[in-house]
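A.B. asks: Build the full structure now, drawing on both the sequences and the hints.
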Amino acid sequence: MQAIEFVAPTTVDEAISALAAGGGRARPLSGGTDLIAQLQEGRLALDTVVDLKRIPELMAISISGDGLTLGASASCHSINANQAIRDAFPALIDSTHLIGGTQIQGRASLGGNLCNSSPAADSIPNLIAHSVTCNIAGPNGRRPVAVEDFCTGPGRNVLEDGEFLVSLDFPTPPANFGAAYLRFIPRNEMDIAVVGAGASVVLSDDKSTIQSARVALGAVAPTPLYVEEAGDALAGQPVSEESLAKAAELAKAAARPISDMRGTIPQRKHLSAVLTQRALRIAIDRARGTKTVDELGRLNGHG
Amino acid sequence: MAKKIAVETTLNGEETVFLCEPRQTLLEALRDNLGLIGSKEGCGNGNCGACNVILDGVLVNSCLVLAPEIEGRSVVTIEGIAEDGELHPLQQKFLEHASLQCGICTPGFIVSAKSLLDDNPDPSEHDVRLWLAGNLCRCTGYDKIVRAVLDVAESDA
Ligand SMILES: Cc1cc2nc3c(=O)[nH]c(=O)nc-3n(C[C@H](O)[C@H](O)[C@H](O)COP(=O)(O)OP(=O)(O)OC[C@H]3O[C@@H](n4cnc5c(N)ncnc54)[C@H](O)[C@@H]3O)c2cc1C
Ligand code: FES
Ligand code: FES
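These protein sequence lines are chains A and B, in that order.
Read in order, the letters of the first sequence correspond to residues 1 to 303 in full-length UniProt numbering.
Read in order, the letters of the second sequence correspond to residues 1 to 157 in full-length UniProt numbering.
The set of hints was computed from the structure by calculation and includes no laboratory data.
Quick caveat, the model's predicted, so the values are computed rather than measured.
Treat each hint with caution, since some may be false.
[To be verified] Restricting the straight-line Cα-Cα distance to at most 27 angstroms, the calculated cross-link-like pairs of lysine-lysine (DSSO-like) are:
#	chain 1	residue 1	chain 2	residue 2
1	A	K246	A	K207
2	A	K269	A	K246
3	B	K4	A	K53
4	A	K53	B	K3
[To be verified] With beta-carbon atoms standing in for the labels, derived distance ranges:
#	chain 1	residue 1	chain 2	residue 2	range
5	B	S124	A	D191	16 to 26 angstroms
6	A	R86	B	P121	12 to 22 angstroms
7	A	G23	B	L87	45 to 55 angstroms
8	B	V17	A	L44	22 to 32 angstroms
Quick reminder that beta carbons are idealized off the backbone N, C-alpha and C, glycines included.
C.D. replies: What follows is the structure, encoded as structure tokens:
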């Protein structure tokens with residue numbers, strides 16, 4: 001690796017100054033599972049690495065009446081180990097449990113997953129399904145950005161020089177809410193998504209009607225893709241395979257994948273429909289209180 | 001060249017101070033600056049697990065940690081697994097089950113397995129295979145490794 005400076009600020013303001021001083025040649029470090037690999041392989045050249053993990057707000061996990069505030073640098077391991085998150089946001093664990101293996105999860109954060117802005121990143125469709133807001137800090141103060149608007153291209157996002165992600169803010173799920181994330185890979189573990197699908201639903205009190213829904217896809221476009229029309233088509237519909245199939249067709253129509261070593265365009269289109277329908281089914285089962293995280297783990301190849 | 005920095009850390013239970021360049025990974029600092037060559041570099045990018053260490057109780061790839069990050073933290077490497085000159089039960093069972101051939105992956109597997117048993121003393125075979133999914137071995141076919149880990153867990157029960 002080329003020579004770099006290493007700084008570890010302890011406040012958000014110090015981090016903003018360090019990043020702003022470095023211009024495009026300074027980058028934040030969370031778990032390093034993307035950044036350090038990119039530096040090692042010479043795919044990225046930097047002057048300064050700004051480690052954010054000594055800033056308490058970046059590592060904090062707090063659940064209150066307003067929802068979950070997840071520090072951008074908190075590791076998947078710390079999320080998996082947090083019982084309050086497992087209880088209130090069980091679908092989030094679908095992603096944090098399948099990013100890399102155990103030792104990657106020991107470091108990898110959801111802030112890093114989002115800011116690396118890979119179209120195939122396994123947390124982003126799930127964050128979109130959960131209606132997350134990105135809390136961004138920079139030289140001009142703080143600004144919120146809806147997570148579906150964050151990524152602008154492969155490896156690109158809305159962050160300006162000197163800006164970084166402080167936290168991911170999850171609204172408190174309404175009553176009868178359920179969500180799920182599924183990905184397709186040819187192995188059981190340690191692979192990049194061919195397609196990923198995140199979905200969430202809010203059901204009526206008698207749990208027979210879908211009041212609202214959100215669907216998002218990974219690895220089928222230059223950015224993670226929020227398929228608003230699929231969610232809209234479900235609003236007001238009865239919970240039925242027919243409604244889900246219609247949303248799945250809309251997801252398939254929205255997908256605009258490429259063919260590469262992981263999959264072809266027709267395969268990815270097909271998977272977009274299949275995974276959307278399955279993720280919706282699980283989200284509905286969870287909203288009805290009939291599916292556990294462990295059962296889903298099995299669907300994601302963990303069993 | 002960037003200025004060297006002094007890093008204070010707890011390494012295998014002992015207070016340690018070492019000098020490193022900010023660009024060095026923890027794996028490089030362990031091997032090149034501290035002479036702890038038990039941790040291996042298989043890939044250098046997080047895919048093989050040969051470099052695994054336990055950082056503040058959590059399993060991580062030392063090739064994806066910058067050495068200055070461990071200031072004030074606690075690190076356990078393969079050199080810290082045996083106690084008082086006695087092989088750790090995992091090391092003993094790896095020998096008994098012939099869980100290694102060339103041996104390059106072994107330190108990483110033992111450190112990973114140690115962190116598994118610390119987290120879950122009674123793992124199923126599935127738990128073991130899932131936990132070790134980030135460790136690669138090109139020689140053994142994995143089965144003997146899994147048997148050794150399960151044997152340690154059962155002997156402890
Ligand atoms: C072996 C291996 C397996 C992997 N498997 C998967 C997988 O299954 N699924 C998957 O999605 N990913 C996978 N990844 C990629 C990676 O682990 C994830 O993207 C991870 O979530 C990145 O988080 P991090 O905290 O390590 O980020 P870092 O590497 O620290 O940072 C990633 C990028 O985001 C920037 N950044 C970090 N934090 C912030 C912040 N707070 N504000 C602004 N910018 C920031 C960094 O500058 C860098 O550009 C894998 C990686 C490896 C090495
Ligand atoms: S050398 Fe670190 S994971 Fe391969
Ligand atoms: S024993 Fe040779 S790689 Fe595992």
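A.B. asks: Which of the listed hints are broken here?
C.D. replies: Violated: none.
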